[in-house]
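Protein chains in written order, with the working numbering: chain A, 1 to 332; chain B, 333 to 664; chain C, 665 to 884; chain D, 885 to 1104.
Just so you know, these hints were derived from the structure itself, not from any lab. Note that the Cβ used here is the ideal one computed from N, Cα and C, for glycine as well. Misleading hints may appear alongside valid ones.
[As the list claims (entries may be wrong)] Here are the computed distance ranges between Cβ atoms for each label pair:
hint, chain 1, residue 1, chain 2, residue 2, range
1, C, Ala-798, A, Gly-125, 50 to 60 Å
2, A, Asp-234, C, Ala-798, 35 to 45 Å
3, B, Glu-357, A, Glu-183, 26 to 36 Å
4, C, Ala-729, A, Lys-202, 31 to 41 Å
5, A, Asp-234, B, Trp-476, 29 to 39 Å
6, A, Ala-237, B, Asp-371, 27 to 37 Å
7, B, Pro-340, A, Asp-241, 20 to 30 Å
8, A, Arg-245, C, Ala-798, 53 to 63 Å
9, C, Pro-768, A, Ser-9, 50 to 60 Å
10, B, Leu-579, A, Asp-241, 23 to 33 Å
11, B, Asp-580, D, Asp-939, 26 to 36 Å
12, D, Gln-1036, B, Asp-580, 35 to 45 Å
13, D, Asp-939, B, Asp-652, 23 to 33 Å
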Amino acid sequence: MKKLINDPSSVVRDALIGIAAAHPELRIDHENRIIYRGDTPKKGKVGLISGGGSGHEPLHGGFVGYGMLDAACAGEVFTSPTPDQMLEATKQVDGGAGVLHIVKNYTGDVLNFEMAAELAASETGVAVESVVTNDDVAVQDSLWTAGRRGVGVTVLLEKIVGAAAEAGQDLAQIAALARRINESGRSMGMALTSCTVPAAGKPTFDLPEGEMELGVGIHGEPGRTRVPTGTARDIAAQLVDPILRDLDFVGSPVIVMLNGMGGTPLLELYLMFGEVAAILNRSGVTVARNLVGNYITSLEMTGCSVTVLKTDNDMLKLWDAPVNTAGLRWGA
Amino acid sequence: MKKLINDPSSVVRDALIGIAAAHPELRIDHENRIIYRGDTPKKGKVGLISGGGSGHEPLHGGFVGYGMLDAACAGEVFTSPTPDQMLEATKQVDGGAGVLHIVKNYTGDVLNFEMAAELAASETGVAVESVVTNDDVAVQDSLWTAGRRGVGVTVLLEKIVGAAAEAGQDLAQIAALARRINESGRSMGMALTSCTVPAAGKPTFDLPEGEMELGVGIHGEPGRTRVPTGTARDIAAQLVDPILRDLDFVGSPVIVMLNGMGGTPLLELYLMFGEVAAILNRSGVTVARNLVGNYITSLEMTGCSVTVLKTDNDMLKLWDAPVNTAGLRWGA
Amino acid sequence: MTADTGSTGAVSTATIIAWLTVFRDLVTANNAYLTELDSAIGDADHGSNMTRGMDAVVAQVGSVAPESIAELFTSAGMTLVKTVGGASGPLYGTFFLRCGSATPAGATQLDSTAFGTCLRAGLEGVVARGKAQAGDKTMFDAMAPALAAYDQTVGRGASLSAAGVAAAVAAATGRDNTEPLVAKKGRASYLGDRSVGHIDPGSASTTLLFEALARALSDT
Amino acid sequence: MTADTGSTGAVSTATIIAWLTVFRDLVTANNAYLTELDSAIGDADHGSNMTRGMDAVVAQVGSVAPESIAELFTSAGMTLVKTVGGASGPLYGTFFLRCGSATPAGATQLDSTAFGTCLRAGLEGVVARGKAQAGDKTMFDAMAPALAAYDQTVGRGASLSAAGVAAAVAAATGRDNTEPLVAKKGRASYLGDRSVGHIDPGSASTTLLFEALARALSDT
Ligand SMILES: Nc1ncnc2c1ncn2[C@@H]1O[C@H](COP(=O)(O)OP(=O)(O)O)[C@@H](O)[C@H]1O
Ligand SMILES: Nc1ncnc2c1ncn2[C@@H]1O[C@H](COP(=O)(O)OP(=O)(O)O)[C@@H](O)[C@H]1O
Ligand SMILES: [Mg+2]
Ligand SMILES: [Mg+2]
Ligand SMILES: [Mg+2]
Ligand SMILES: [Mg+2]
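Kindly produce the complete structure, drawing on both the sequences and the hints.
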């Protein structure tokens, strides 16, 4: 294993020290591993918190700041944070208008946020709503399983509801908006190589030359199927087709994110975006906005994911509103 | 070789198609492989162009836009662009106030920009100044060699002179500022793994477990020495010490960039920045601003580089001025 | 009424401390194995999750010296919830928290039936939290058979020690039985059919939990 | 005055076209080899750079059918400058551009001395552009000996064909002699002492240039 770390057991702690050094505008609670906006709580504004395992940077800590999250709780690498972290963050960011928990649909994240919400209800007067993202079309959904994973839509959702909170929408409106965004977005990912969890010390899986994992998530977990690699054009089709089969995107402006898994060069991500945009064009889907880059990653895994989100003018306005975070910034 | 590409020979062309799709605010000349600001030339503003081999993204195309470059010429992967590209860009961005060529010190870049400047002088009336960056302390400098490589300082320079051009400084002032920045900055890089040039089809070098290349540049070239890997703390010292030995940074506010080589997770880059910042603090160097992320990369190489730039209040003001590019954005 | 000749003994605070300590030792020794299982159908962290959590539990128990069994269980549960995260944190945490709630306050000794009631409450907590059913390929598939075996062994009047061994053996069988299953819950469910042919990591750590229990009960 | 019995012949436009075409064929066949050399002490692109450039040169020459030797050289030089980039683009480009400037306008035939003058002008162009000196571990170290051998062979009245062979042999020796050198120019110079023990990629492509010349001149 080759990594720029001091010790596998101190990766998250050490990285938080670096984040604190790099971003004096944020407030870091090192003991609880929480990254706060410097000016939270903002009186009257709904507080937005998220969190999850580390290793997906810039998600979520990189999305804390004006127009996006109030706080992000950092778990160990690929391990969701604990209820006490979320409870503490919930208390700290409440400006009297309640707090939204943004949760990616993984058993660990869901259970820990659930316990945090229970604790918040019993120990504090803070109104808490939770939204669970589950946009990954690689996973077959069913009432009887853990359901779909939450992946790329989480990034777009955090931006849009962040702007809504900044605009003064109340908790019920924001929770409803968040659920609507989740229902309107779909993602699909692939990997050319695995990542290495620091504590595990070796790649989670082996992927020989000529093969790729199709339908991977963001935890170095194997995908739905192992298939031969292909050209960027082929791969783009293998990512976009299942998305378009799952939801009708024709007729509404969409936001497209071409997300890198962490180890793929930006040159290739742009190249892939070109292929994805071409398919969407041919399919009659109108790309109104886009993001190309590493936004929700899986350590050094190479590969990418595509997220398509159906929007309307209101959502686009919220998307365009100023945001000022380490990972996403415009208009501010 | 595992890459998200269609064909090794069309990587740059295909990526430019993606960049055009992702950034309607830019203008792409696909034939000449030039990325332009949508609104260039701006009458009375000094035009800024740069360029180099592809594979270093976001450098340089990602730095085209308000407050930074007017145009970037894209070469093949790791191969400097050609004089006709630079000549064309020079003509296109001249708003009557002349054009600055920002050149990284590699024989290829220098020779091609030199020929472009000769052609501009003989074929056009455009006033051209060139600045060559050579900030890499890994390379021993000498009159009798190709000298030091231009690396990280190039990014900071493009931002700062971009703001100066926006503020209306004239060509002579801007060229002088650019040279002063180059003289005030130093960089040092390392790699844990090699990258793979698409046309070569295999890694440029093999780097076994437990070893790293110290003093690498950004072209997958081997470094100055191969040494055992160490903790992030050790590696930070091996990068920062030669920088501090080369130039005295005490007493002036510095901008520090902790740059990823392309394949290293952001989590590790932040962790490294924490270690670098600690060393600088201990050494009495005042870090006024910082950048942490992938800014001048070497395809999927893992590793990082540190750049330290000595500034003054004027430079910091230019640094803080609004910038709106794909790769660097604030205040706009 | 039974042929078993051992004493039925009692579970004391020392037994619980031994249980937790041996469980810590077992997950530490099997850290790489648990992570290996989690690499195949998960995210390669189950070993480090359990080791981190049980290290904290044993440290906490050592530093505050809880005076009752309920306190011990609650402390272990709270510590797991606070230090593990992931799916296993809330699930193992809830297991011990519910064990604690089901233990009479202040009690320092439990007979085999009362202890069985605690364990059963723990299992019900896991189900309430995780909604797993038999055959979903989770820790439930080791825990439920373990408790059934415990109850059955105690029911025929055997010793606590024998009940512990029976539980451990049943857990191991339950763990092995997860191999051919398609995962329905947790991270492995994303793999669909590809989860077949792999042992569920949580069922493996639960087997260690009951192996540890068997060892702790062997001294009762 | 000489024992050489071959005709001294003349260089025609056809000779130059053959030279460029064979050079294209040789760099194409040696693409991986040149890139391999460039991987060791450079950035792994010399093979693809030269192949891309010479493909374009041959395509261009074929499409416009230049009528004089000077036009051929100039076209080759311009095309290399426009399509190669990197260090080799301007250097090989300048080589041919200067060969062109040194060729009498409109000439379609050159004797061995006049042709030697062209080549010498090309070498001087490379030096003017790249400032390399003997022993800097660059293409110069193959090109300079090649021209010296050419001049010497022509000087003793030997055939163009013999001069081409002598140049190719000298280039190859020059290439091999770059191996122990510490690079002073170009990308390999960043390696300092680590550049020792590797052949300079540009000296290898320059050797191919003179091998191609030898083949083209063998028909004169
Ligand atoms: N809903 C559930 N009910 C019971 N056990 C579950 C459930 N979901 C997951 N598990 C158990 O948790 C184990 C995984 O734990 P761990 O790897 O620590 O967490 P994570 O999956 O969050 O990485 C699985 O092997 C499984 O036994
Ligand atoms: N200053 C110079 N003078 C002469 N030849 C040079 C000089 N610099 C580099 N070269 C030659 O160029 C070759 C490298 O070409 P190439 O790999 O195509 O370009 P780059 O170094 O830009 O990647 C070197 O092997 C060397 O022979
Ligand atoms: Mg996990
Ligand atoms: Mg090159
Ligand atoms: Mg796991
Ligand atoms: Mg090269």
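Could you say whether the range 26 to 36 Å given as a hint is met by the Cβ separation of B:Asp-580 and D:Asp-939? violated, 51 Å
For B:Glu-357 and A:Glu-183, compare the CB-CB distance with the range 26 to 36 Å and indicate the outcome. holds, 31 Å
Holds or violated: 50 to 60 Å for the Cβ distance of C:Ala-798 and A:Gly-125? violated, 40 Å
Range first: 23 to 33 Å. Now tell me if the beta carbons of B:Leu-579 and A:Asp-241 are that far apart. Cβ of B:Leu-579 to Cβ of A:Asp-241: about 54 Å, so the range 23 to 33 Å is violated.
Range hint compliance [Cβ, A:Asp-234 to C:Ala-798, 35 to 45 Å]: holds, 42 Å
Distance restraint hint 35 to 45 Å, applied to the beta-carbon atoms of D:Gln-1036 and B:Asp-580: About 55 Å separates the Cβ atoms of D:Gln-1036 and B:Asp-580, which means 35 to 45 Å is violated.
Using the beta carbons of C:Pro-768 and A:Ser-9, state whether their distance is inside 50 to 60 Å or not. violated, 38 Å
CB of D:Asp-939 to CB of B:Asp-652, is that within 23 to 33 Å? For D:Asp-939 and B:Asp-652 the Cβ distance comes to about 48 Å; the hint is violated.
I want to verify a distance hint. Is the separation of the beta carbons of A:Asp-234 and B:Trp-476 within 29 to 39 Å? violated, 51 Å
Using the beta carbons of A:Arg-245 and C:Ala-798, state whether their distance is inside 53 to 63 Å or not. violated, 34 Å
Taking 31 to 41 Å as the stated bounds, is the beta-carbon spacing between C:Ala-729 and A:Lys-202 within them? holds, 40 Å
Between A:Ala-237 and B:Asp-371, does the C-beta distance stay in 27 to 37 Å? holds, 36 Å
Checked against the numbered hints above, the structure breaks hints 1, 5, 8, 9, 10, 11, 12, 13 and satisfies the rest.
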